[in-house]
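S.K.: If you number the sequence shown the way my numbering does, the last residue is 115 and the count never jumps.
Hints may be right or wrong, so weigh each one.
Claimed, not checked - For lysine-lysine, the following BS3-like pairs were computed, each having C-alpha atoms within a straight-line distance of at most 25 Å:
hint : residue 1 : residue 2
1    : 114       : 104
2    : 114       : 96
3    : 114       : 11
4    : 19        : 80
5    : 112       : 11
6    : 14        : 80
Derived by calculation from the structure, the hints in this document are not laboratory data. This structure is a prediction, so every number in the text was calculated from the model and none was measured.
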Amino acid sequence: VTRNPVSGIVKYFKYHPGKYLLAWHPKSSTDNERTTVVVESDAGPLVLFRQIAGAMARRIVWYVNEGDEVSQGEEFGFIKFGSRVDIFVPLDAEVKVELGQKVKGAETVLCKLKS
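Produce the entire structure from the sequences given, and follow the hints as far as they go.
M.R.: Below is the structure:
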């Protein structure tokens, strides 16, 4: 299950067909099958996140579309057999996790956004 990292309005959504490289491969973020979602957060900044399919996970499912209102922690889809999600936040966000720390969806606070 993949979850919304922030509450807000979906400003952009796109499905990208692609390859099925191993999820940790550096090119998987740009070459693999993936979805790209941009949410204008309630705090103001835009947050971009991607569901990325891997060598085993060859099917991405999503529940959001442009214009939808989403809530932090709410499911926005899933990747069959699991894979990877990338989250891009503004450079001035205050990071709340450490490199290598295990995180859990809808529980771990990744960062605090500036208004």
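S.K.: Determine for every hint whether it applies to the structure shown.
M.R.: Tested hints:
1. Our distance criterion of 25 Å between C-alpha atoms is met by residue 114 and residue 104, whose separation comes to about 22 Å.
2. In summary, the hint linking residue 114 to residue 96 is supported, as the alpha carbons are separated by about 13 Å, within the 25 Å threshold.
3. Straight-line distance between C-alpha atoms of residue 114 and residue 11 comes to about 19 Å, which keeps the hinted pair within the 25 Å bound.
4. As the CA atoms of residue 19 and residue 80 are separated by approximately 15 Å, the hinted pair is consistent with the 25 Å bound.
5. At most 25 Å may separate the alpha-carbon atoms for a hinted pair to count; residue 112 and residue 11 meet this at roughly 20 Å.
6. For the suggested pair residue 14 and residue 80, the alpha carbons sit about 18 Å apart, so the restraint of at most 25 Å is met.
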